[in-house]
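Asker: What follows is the residue order along each chain.
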Amino acid sequence: MSCSRREFLKQTMAGAVTAAIPACSVIFLAPGEAQAMTDGSKLRWAFLVDTEKCVGCGLCVDACKTENEIPYDAPVSRTWVERYVITKDGETHIDSPNAGRDGFTTSEIRGEEIDPENIDKAFFVPKLCNQCDNPPCVQVCPVGATYQTEDGVVLVDRKWCIGCGYCVMACPYGVRFFHPVHKTAEKCNFCYHRITDGKEAACVQACPFEARKMGNLRDPEDPVTKVITNERVQVLKDEYGTKPHVFYLGLDEKVR
Amino acid sequence: MKSHVLRPLWLAIAVVGSVLVARIFMVPDDFGVHGDSFTYNFYRLGNVQEWKDFPAKYQGRERCARCHEENTEEIATSKHVNMQCENCHGPGVGHPKQIKKLPVNASRELCLRCHHYLAYPSSQRSALAGIDGNKHMKKKECRKCHNPHHPNLEDM
Numbered sequence: 005m006s007c008s009r010r011e012f013l014k015q016t017m018a019g020a021v022t023a024a025i026p027a028c029s030v031i032f033l034a035p036g037e038a039q040a041m042t043d044g045s046k047l048r049w050a051f052l053v054d055t056e057k058c059v060g061c062g063l064c065v066d067a068c069k070t071e072n073e074i075p076y077d078a079p080v081s082r083t084w085v086e087r088y089v090i091t092k093d094g095e096t097h098i099d100s101p102n103a104g105r106d107g108f109t110t111s112e113i114r115g116e117e118i119d120p121e122n123i124d125k126a127f128f129v130p131k132l133c134n135q136c137d138n139p140p141c142v143q144v145c146p147v148g149a150t151y152q153t154e155d156g157v158v159l160v161d162r163k164w165c166i167g168c169g170y171c172v173m174a175c176p177y178g179v180r181f182f183h184p185v186h187k188t189a190e191k192c193n194f195c196y197h198r199i200t201d202g203k204e205a206a207c208v209q210a211c212p213f214e215a216r217k218m219g220n221l222r223d224p225e226d227p228v229t230k231v232i233t234n235e236r237v238q239v240l241k242d243e244y245g246t247k248p249h250v251f252y253l254g255l256d257e258k259v260r
Numbered sequence: 026m027k028s029h030v031l032r033p034l035w036l037a038i039a040v041v042g043s044v045l046v047a048r049i050f051m052v053p054d055d056f057g058v059h060g061d062s063f064t065y066n067f068y069r070l071g072n073v074q075e076w077k078d079f080p081a082k083y084q085g086r087e088r089c090a091r092c093h094e095e096n097t098e099e100i101a102t103s104k105h106v107n108m109q110c111e112n113c114h115g116p117g118v119g120h121p122k123q124i125k126k127l128p129v130n131a132s133r134e135l136c137l138r139c140h141h142y143l144a145y146p147s148s149q150r151s152a153l154a155g156i157d158g159n160k161h162m163k164k165k166e167c168r169k170c171h172n173p174h175h176p177n178l179e180d181m
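Residue numbers (my numbering), protein chains in the order written: chain E, 5 to 260; chain P, 26 to 181.
Just chain E, same shape as in the assembly (with noise of 0.2 Å):
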């Protein structure tokens, strides 16, 4: 094969130029930008739930299923209760039927009696999303459906979603699923239009026992703040470094 100079530089030039075009849609920031973009949030917010306080009533899940139209029958719920009890043969019954939506009004746990004799210890624990600052759920999204806002509240893009799943798959505290109406992906987002509104979040009204509550972990007058940075609280799966958001008061090693 022949080629002359003229040639050799004609196809370098044509072969640098079709390189550089995919190049062309992805958006570069100034250092500045990205740093004038994260300096402008005052507010992270944060989850404080005290185990000690939760007395399994179940009207947290009650309130978000109404404030946040998820289906009140449909078997997934954006926040849910579980019931721990330990008897002193070491055993763990755990149950949380229906979410815990109708609360705890039968001594039994998955069918099984229980002496109350032979327990040594029982408590209830809500869950609901961590809020992440490294959300895995968002890393693996190949749509950029679901983000991270300043405030540090992950949302899903419902019109955005593919419902392809992955982030169902990749969060590790199991929080997400489905919306049996419209099909995208769903979970909590500390109720996103409450509190951006000044509002509480449903569940965080709804308690009686002020089990849960939430705070501006950027405000250091915040109770809930002062309660999360002076106490002694415990977050789950800390081992996966996904910096969860929702802080527990006197968590038991056997939650997991």
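It cannot be assumed that every hint is accurate.
Unchecked claim - SDA-like cross-link-like pairs, simulated, lysine to any residue; straight-line CA separation at most 25 Å: (1) Lys163/E / Lys165/P; (2) Lys163/E / Gly148/E; (3) Lys165/P / Glu112/E; (4) Lys247/E / Asn220/E; (5) Lys187/E / Lys77/P; (6) Lys27/P / Ser8/E; (7) Lys46/E / Lys165/P; (8) Lys163/E / Lys27/P; (9) Lys82/P / Val21/E.
Simulated from the structure, these hints should not be mistaken for lab results.
This structure is a prediction, so every number in the text was calculated from the model and none was measured.
Dock chain P against the given chain E, drawing on the hints supplied.
Answerer: Just chain P, lined up with the frame of chain E:
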């Protein structure tokens, strides 16, 4: 260059080009990186407002107190002080304009959420006033005897 090299090359360029042109029309203007991370902040900005516009259902007891002063004052002095009106009366959205009367949940099941006694030593549940829902006044609504707005047993 030989045509068996050039032809697929032009085809590839055409495909990439048409995708880029289609992208201009199909991707909304506000879709992109809005924050400091490509990984976590790559999204459609308009969706944040869409979520903020989601309609709230629960109004909170302060709104109820504007008209139902008597009831809110009564419950404020009782052990049910921390119960939201809407926990039993249902979400207040649309009341009183569209929904004249809110349907109150007067079922036993609602009361039993807290007041069915569970012998759990390390939980606050066992510290609440509790009964066995399967034995105590079975099939009768609790409010026939107990006033939910002022449930003190001494005043019965």
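Asker: None of the hints should be skipped; say for each whether it holds.
Answerer: Here is how each hint holds up against the structure:
Between Lys163/E and Lys165/P the alpha-carbon distance is near 48 Å, which puts this suggested pair outside the 25 Å criterion. Restraint check: the Cα-Cα separation between Lys163/E and Gly148/E comes to about 11 Å, which is no more than 25 Å; the hinted pair holds. Only pairs whose Cα atoms come within 25 Å are accepted, and Lys165/P paired with Glu112/E is accepted, the gap being roughly 23 Å. Between Lys247/E and Asn220/E the alpha-carbon distance is near 16 Å, which keeps this suggested pair within the 25 Å criterion.
For the suggested pair Lys187/E and Lys77/P, the alpha carbons sit about 21 Å apart, so the restraint of at most 25 Å is met. Restraint check: the Cα-Cα separation between Lys27/P and Ser8/E comes to about 15 Å, which is no more than 25 Å; the hinted pair holds. In summary, the hint linking Lys46/E to Lys165/P is not supported, as the alpha carbons are separated by about 53 Å, beyond the 25 Å threshold. At roughly 47 Å between alpha-carbon atoms, Lys163/E and Lys27/P are farther apart than 25 Å, so this suggested pair is violated.
The suggested pairing of Lys82/P with Val21/E is violated, with an alpha-carbon distance near 56 Å, which exceeds 25 Å.
Of the numbered hints stated above, those contradicted by the structure are hints 1, 7, 8, 9, listed in ascending order.
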